[in-house]
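*Asks:* What follows is the residue order along each chain.
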Amino acid sequence: MCQVDEEYNSPLEHKSLPAVSKKCMKCKEGTAVLIIRVGDAFCRSCFKEYFIHKFRAMLGKNRVIFPGEKVLLAVSGGPASSCMLAQVQEGLSRDAPKKLRFMPGIIYIDEGGVCGQNAEEREKAVVQLESIFRMTGFPYHIVPLEQVFTLPESVLEPVYSREQPGSSYKAAVDQHIRTEVTRGHGEPAVEETQDAVGRLSLQASTYKPEHKLALEGLFSSLKTLTAKQDMLQILRHHLILHTARINGYSKVMIGDSCTRLAIKLLTNISLGRGAALAADTAFSDSRYGDVVMVRPMRDYSSKEIGFYNRLFEVQSVFIPGLDTKTADKASIQRLTESFVVKLQADFPSTVSTVYRTSEKLHTACPPQSSTTEAAAKCLLCLCALDTKAGKLQH
Amino acid sequence: MPIQCSSCAKKRAVLRRPKTGYSLCKSCFFWAFEEEIHQTIVSAQLFNRGETVGIGASGGKDSTVLAHVLKVLNERYDYGLKLLLLSVDEGITGYRDDSLETVKRNQQQYDLPLTIVSYEELYGWTMDAIVKQVGLKNNCTFCGVFRRQALDRGAMMLNVDKICTGHNADDVAETVLMNVLRGDIARLHRCTAISTTSDGEGAIPRCKPLKYAYEKEIVLYAYFKKLDYFSTECVYSPNAYRGHARTFLKDLEAVRPSAIMDIIHSGENLSVKEGVKMPVQGTCSRCGYISSQALCKSCVLLEGLNRGLPKLGIGKHHRLHDKILTQQALTQQEEKKLKAMDF
Amino acid sequence: MAAPIAIHLEFGGGAELLFDGVKEHHVTLPSQSEPWDVKQLLVWIRENLLKERPELFVQGDSVRPGILVLINDADWELMGELEYQLQDQDNIVFISTLHGG
Chain S
52 MCQVDEEYNS PLEHKSLPAV SKKCMKCKEG TAVLIIRVGD AFCRSCFKEY
102 FIHKFRAMLG KNRVIFPGEK VLLAVSGGPA SSCMLAQVQE GLSRDAPKKL
152 RFMPGIIYID EGGVCGQNAE EREKAVVQLE SIFRMTGFPY HIVPLEQVFT
202 LPESVLEPVY SREQPGSSYK AAVDQHIRTE VTRGHGEPAV EETQDAVGRL
252 SLQASTYKPE HKLALEGLFS SLKTLTAKQD MLQILRHHLI LHTARINGYS
302 KVMIGDSCTR LAIKLLTNIS LGRGAALAAD TAFSDSRYGD VVMVRPMRDY
352 SSKEIGFYNR LFEVQSVFIP GLDTKTADKA SIQRLTESFV VKLQADFPST
402 VSTVYRTSEK LHTACPPQSS TTEAAAKCLL CLCALDTKAG KLQH
Chain V
393 MPIQCSSCAK KRAVLRRPKT GYSLCKSCFF WAFEEEIHQT IVSAQLFNRG
443 ETVGIGASGG KDSTVLAHVL KVLNERYDYG LKLLLLSVDE GITGYRDDSL
493 ETVKRNQQQY DLPLTIVSYE ELYGWTMDAI VKQVGLKNNC TFCGVFRRQA
543 LDRGAMMLNV DKICTGHNAD DVAETVLMNV LRGDIARLHR CTAISTTSDG
593 EGAIPRCKPL KYAYEKEIVL YAYFKKLDYF STECVYSPNA YRGHARTFLK
643 DLEAVRPSAI MDIIHSGENL SVKEGVKMPV QGTCSRCGYI SSQALCKSCV
693 LLEGLNRGLP KLGIGKHHRL HDKILTQQAL TQQEEKKLKA MDF
Chain F
56 MAAPIAIHLE FGGGAELLFD GVKEHHVTLP SQSEPWDVKQ LLVWIRENLL
106 KERPELFVQG DSVRPGILVL INDADWELMG ELEYQLQDQD NIVFISTLHG
156 G
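Residue numbers (the working numbering), protein chains in the order written: chain S, 52 to 445; chain V, 393 to 735; chain F, 56 to 156.
Wrong hints could be hidden among the right ones.
Said to hold, decoys possible - Result set (PhoX-like, lysine-lysine): computed pairs, CA atoms no more than 25 Å apart in a straight line:
id, chain 1, residue 1, chain 2, residue 2
1, S, LYS274, V, LYS474
2, S, LYS380, S, LYS393
3, S, LYS380, V, LYS642
I should point out that these hints are in silico values taken from the structure, not numbers from a laboratory.
Work out the full structure: start from the sequences and follow the hints.
*Replies:* As structure tokens, this is what we get:
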């Protein structure tokens, strides 16, 4: 018998035929330059306004970043994280009363050793990125992935150094300010920051040849591309986490876009990571305890980001990754990306629907409670264990 | 050089198990396949001694294998169950006739009693007639809903305690993917459950003993055991969207065969955040079947068909249900909305 | 008979890898009886510019899903997509949105 059990009520919106020369749907005057979501046409200036507003609304709505807090921006050079960097600059520069007030730093993880780049190519990419970073004036850290072998074991344990903040945002901010004052930090002077910049960027950017070999050995021992991509993700996170910790950053911003998160969600399901879904795709990820990772770009589709960068000249550097130029079926991640993007082309609400689904989901056992025994968490990703050996779960 | 069976190391291997990649001889494969289903049944406590179990039989490979394996395990492990075959005649000329013949042969082959219920008897409409009224776009909605109820009603007539269906691992994984893609939280939560319990009148508990069996293995099992089954697609072609999910699943399986089990595992571990709105289960005020609205889906669809308003069950017109229940006349505008059907 | 037209092409977001890493191309499309449209342009690019892996750039008649197309800095969806007729000095940009960020 046909196994189609129950059907779905809401009719799917198919992509409508392209319309030519529309007017902006917001101001009704300007000529539209792009279409986002399902048929919303925007002119250039309305798009910019919408885009910038969304970033600040995202931070404001979630109220996770405290004024004066040190926030580390994870920039890979790609469009989404470069755009995120531009938004942070934009947000900090405004004179309006709602100016963003935190202290950013940048981190770039040089993964060239794993992605088949030689020293020269890696150097070239780093130089390009450094020039972009210097123009922002923020302190930056260039960390080669090889440094992962210098990480202490403590990186694998969540740290709960402060008491849980009070339930209201205001109480949390007050507590944060109090902690900072007792540590002797206020707003550091500009010169001090720039000195620190000089020191930090020198320290971290070198790596030992034996670490390079160890890294190559590690990755060649993984037989499938899927496993390599998985491993890379984990190592990257650990390095970012560690850098944040030793430099006093309590928040990390990751540039995952809506599209990327929808793909991540489906990939996680396909990899059997359903239990850790929420942590991997939610706005804030507090499994590490003292350092919270946030994803402020999660409401932007890759199309919106692509257009913004082009129209407003945001610089990005393309650096080949593990799965560049690979076939569709090379890995689970690659296959899922291809699937979602293709489906989105025919059914323009795919990404946003999947994204909304991720917002409604929980991990089976929330990973951020400090009362969960350390033994019940996965060693590598710090999410609660979801297997009970020997028992089938129904 | 022939490869030895990796389990008994005595006989020559005849296949590589899709699920595990191990090379096995025929008898070891049969044993592994059957034993895994046995473990599924036992650990989930699907049945109790003395129960009457209705097997949803369509003549297709899943239900044929299910019937065969259940019969074997019932005897081998003395489950003490009374098994019978339950089949649904949707009234699709050509497709259904052939598959019903197959089910009748299964009855002989497995020596199990067979009961056939038809849409015609239960609802007064065959699928052929429905498609004439409704067209090809939403016919699957009708069929899916009607079949579910048909099985229940047939089971009730025979005093069956439990129904089991041939849903396999690929089906469950595909449903998980579909639910994520469509954003259907409520179904996502329920779809990996191996058995559903009955709440309220009119729903017999049902379970999926083949939940962890790969479709490829079911096909191989049926082939090697020379089981009789009918394998053609429904002539009223199924939902194109589901086809996307299916292709994706097959591609995933090609990259990493454990993906099917991994997806099911993910589905089992997903939980919904507190505060997310979920539909509440009540009962249909017309026929007593379980429903989250005032009228169950079946009644709404039937009403639509009978009144010549084929769109009544498609899309959300919940406010109109009350009107129908109280026999109020619909306004001209409402009628117009419900009539228009694109073929 | 339409005159040959000069087109300025740009590739970004990683798409340039398929064109020997060259991001900008000034090309001249030969004259032909009917006006050039984007659909034909894609065929021309595939035959004359693309260095490797055509399946990563085109799919069927159109571009691979995940590649944004801008015509004179505007979304090609607003310009008629494949049916847009090219004009002399037009600027067409192809940006790949796959694995970035």
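*Asks:* Quick one, are S:LYS380 and S:LYS393 close enough, alpha carbons at most 25 Å?
*Replies:* holds (14 Å)
*Asks:* Is the hinted pair S:LYS380 and V:LYS642 satisfied, with a Cα-Cα distance of at most 25 Å?
*Replies:* At roughly 11 Å apart (the allowed maximum being 25 Å), V:LYS642 and S:LYS380 satisfy the hint.
*Asks:* When you check the alpha-carbon spacing of S:LYS274 and V:LYS474, does it fall within 25 Å?
*Replies:* violated (49 Å)
The structure fails hint 1 only (numbered hints given earlier).
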